[in-house]
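Asker: Chains as they are written, first to last, in this note's numbering: chain A, 27 to 222; chain B, 27 to 222.
In short, the hints are calculated from the structure, not lab data. Glycine included, each C-beta is placed from N, C-alpha and C at the ideal position. What you were told as hints is all true, and nothing was included just to trick you.
Far from chain B by the CB rule (all over 12 angstroms, computed), these chain A residues:
no., residue
1, S41
2, A46
3, K91
4, P113
5, R118
6, V120
7, N121
8, K124
9, A169
Simulated DEER-style distance windows between Cβ atoms:
no., chain 1, residue 1, chain 2, residue 2, range
10, A, E45, B, Y116, 46 to 54 angstroms
11, A, A157, B, H130, 17 to 25 angstroms
12, A, A174, B, N85, 51 to 59 angstroms
13, A, V103, B, Y116, 41 to 49 angstroms
2 protein chains.
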Amino acid sequence: MSPNDLNEPGPSKQSLTAEAWAAAALDVMAVGGLEAVAVEPLARKLNVTKGSFYWHFPNREALVKAALALWEQRETVDVVSGLDQEPDPYQRIVNLFKRANSSHKAGRLYLALAAATDDVRVNEVVQRVSARRLAYLEKCYRALGMGAEEAPLWATFAYATFIGNQQVHRDTPHTFPAGPKFREYFKLMLRTLIPQ
Amino acid sequence: MSPNDLNEPGPSKQSLTAEAWAAAALDVMAVGGLEAVAVEPLARKLNVTKGSFYWHFPNREALVKAALALWEQRETVDVVSGLDQEPDPYQRIVNLFKRANSSHKAGRLYLALAAATDDVRVNEVVQRVSARRLAYLEKCYRALGMGAEEAPLWATFAYATFIGNQQVHRDTPHTFPAGPKFREYFKLMLRTLIPQ
DNA sequence: AATTGCCCATACGCTGGCGTATTGATACAT
DNA sequence: ATGTATCAATACGCCAGCGTATGGGCAATT
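Using the sequences and the hints, build the whole thing.
Answerer: Have a look at this one:
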């Protein structure tokens, strides 16, 4: 969303907002997981001290909550606004896949959050977001003329595949198809996962 | 592997071994991730003090290394020994899928490790294990008569799908197909991912 | 009986992150 | 100019986990 002008150089005498803290929390979460959302390290990264933090938030808990809320809102808005105006259901699924395989950062963030589902609050949010995505996919498949029996299965199948792609791409970047190979791979997935 | 007789009741006056510590480390890792591999909490769980731990290991680092080695060995042995004696390549892939969707614990463990790939040592091991699995899958597809161009793509596709299944199943257990639905889902994946 | 080696308990200091309390600085309003 | 609200710095105590040092129990050996 906001191209973060924080980090090293940061004069940026603009006062920090709570949302800026939440966004920064998501940033580090994408790299270091939930545990990386720590007050003092974050403050250092933002070139302030925790004195600032505890003005905006009562405690670390609140920051995590805010970050999760921000993430959920981003994801939900993304899905609903961007994609739903495409009339063709086939193209809608294609767009979903494109999006999933493009924004690296969002992918890493999802995986980081999904890895922290031992935390109850995280689990709730991840479940909601995943359920929404699944429901959306199912709707697409039904719009393609698929029955109420098959559609959920195909939706789960497709969703699992593109979550798995993010995972595999992150874990073994070397073996993951790249360049022209990727375009082939992409087409293969599409024609396999969208029966018509 | 070993049905852990540790935990609460534990009289078990058998002295602990380094491998027992490593196994316990993997256990907690499957639930709480890499950060959960902490010396003192683990010692409590094993009904000893860290005095024991620091006899077997020089430090936490060594424990993590040992746990990773144990995991890699388990995974590799699993893949090579159990599956490779099946002659039919089709059935081999089926067995792989069955295995992936059966042992919950192993799945959670993989996801936990994959989530900690910011740690260099973890990343190396995960990469090796994933690469081995992918290579194995590719060999299966080639044995099915697939060309050197297509086989890696299908292997990646299949691997991503069953990694994604573990992920989705963990993150949204409610929406994941269960019981008879799952058998349908399973068959759908098989006939889609194994062209013949 | 004494010794040696294996395995673990206890006690200690160190570090990093959490949360609080207090003070400081800048902007804006009056 | 002076006061007030907003945002941040500093200093403090607390806790949990890491690593060390040292000693204790309990075999097996001699």
